[in-house]
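Offset between the sequence shown (1-based) and this note's numbering: plus 98.
Where hints are given, some of them may not hold.
As the list claims (entries may be wrong) - Computed Cβ-Cβ distance ranges for the label pairs, DEER-style:
| id | residue 1 | residue 2 | range |
| --- | --- | --- | --- |
| 1 | G241 | K181 | 18 to 28 Å |
| 2 | K234 | L206 | 30 to 40 Å |
| 3 | E252 | E146 | 14 to 24 Å |
| 4 | L199 | S227 | 24 to 34 Å |
| 5 | L235 | K176 | 39 to 49 Å |
| 6 | N161 | H204 | 21 to 31 Å |
| 7 | R256 | G179 | 15 to 25 Å |
| 8 | G179 | E252 | 32 to 42 Å |
| 9 | G237 | E211 | 17 to 27 Å |
Just so you know, the hints here were simulated from the structure itself, not pulled from any lab data.
Values in this document were obtained by computation on a predicted structure and should not be read as measured data.
Here a beta-carbon is modelled for each residue, glycine too, at the ideal position from N, C-alpha and C.
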Amino acid sequence: MTKAVFPGSFDPMTNGHINIIQRAAKLFDEIDVVIAVNDDKKYLFSTEERLSLVQELIMPFRNVAVHTWDGLIVEYAKQTGAKVLIRGIRNMNDFSYEFDLSLMNHNLNPEVETLYIPTDQKFLLLKSSAIKELAKLGGDVSGMVPENVKKALERKYRQG
Numbered sequence: 099m100t101k102a103v104f105p106g107s108f109d110p111m112t113n114g115h116i117n118i119i120q121r122a123a124k125l126f127d128e129i130d131v132v133i134a135v136n137d138d139k140k141y142l143f144s145t146e147e148r149l150s151l152v153q154e155l156i157m158p159f160r161n162v163a164v165h166t167w168d169g170l171i172v173e174y175a176k177q178t179g180a181k182v183l184i185r186g187i188r189n190m191n192d193f194s195y196e197f198d199l200s201l202m203n204h205n206l207n208p209e210v211e212t213l214y215i216p217t218d219q220k221f222l223l224l225k226s227s228a229i230k231e232l233a234k235l236g237g238d239v240s241g242m243v244p245e246n247v248k249k250a251l252e253r254k255y256r257q258g
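All chains, please: the whole structure from these sequences, using the hints.
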């Protein structure tokens, strides 16, 4: 049985992230979507909000669960018995960053391998920071994020 981890801040989760989960769910027996918790980072959505949004989105996948984590992802993998880190990539910039990160993670825990899954072409331009900015300015993000995330963005920026 192979367990994989798909880590990220998911602030917010995009259709590109969902695409990676759908594809990875066919490859692994278990997948933990792990939401990063870093007190030094400023998130639009709280940890609880991100957790709730992702829980709703992974409901259709019987082999996918969601958790939060505030430490090194390779430590999470070690504690849960995961052997693979899933990383989505959109372009060479992503690959360059993720490649360096994978070398560091492998050095920290040689038992864990990194698997890169390139996003489908239609999701190449989806970047959480750009989506947040577009939503803040009142732009239509409906093709970029799931419906529950779109509504959460609208609520967040109406309150702000």
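Each hint, compared with the structure:
Our hint of 18 to 28 Å for G241 and K181 is violated, since their Cβ atoms are close to 35 Å apart. Taking 30 to 40 Å as the suggested C-beta distance range, the pair K234 and L206 conforms, at roughly 36 Å. A beta carbon spacing of about 19 Å between E252 and E146 agrees with the range 14 to 24 Å that was offered as a hint. Between L199 and S227 the beta carbon distance is about 18 Å. The supplied range of 24 to 34 Å is therefore violated.
Our hint of 39 to 49 Å for L235 and K176 holds, since their Cβ atoms are close to 42 Å apart. The hint said 21 to 31 Å for the Cβ distance between N161 and H204, and at roughly 25 Å that hint holds. A beta carbon spacing of about 43 Å between R256 and G179 contradicts the range 15 to 25 Å that was offered as a hint. Taking 32 to 42 Å as the suggested C-beta distance range, the pair G179 and E252 conforms, at roughly 39 Å.
The hinted range of 17 to 27 Å is not satisfied by G237 and E211, whose Cβ atoms lie roughly 38 Å apart.
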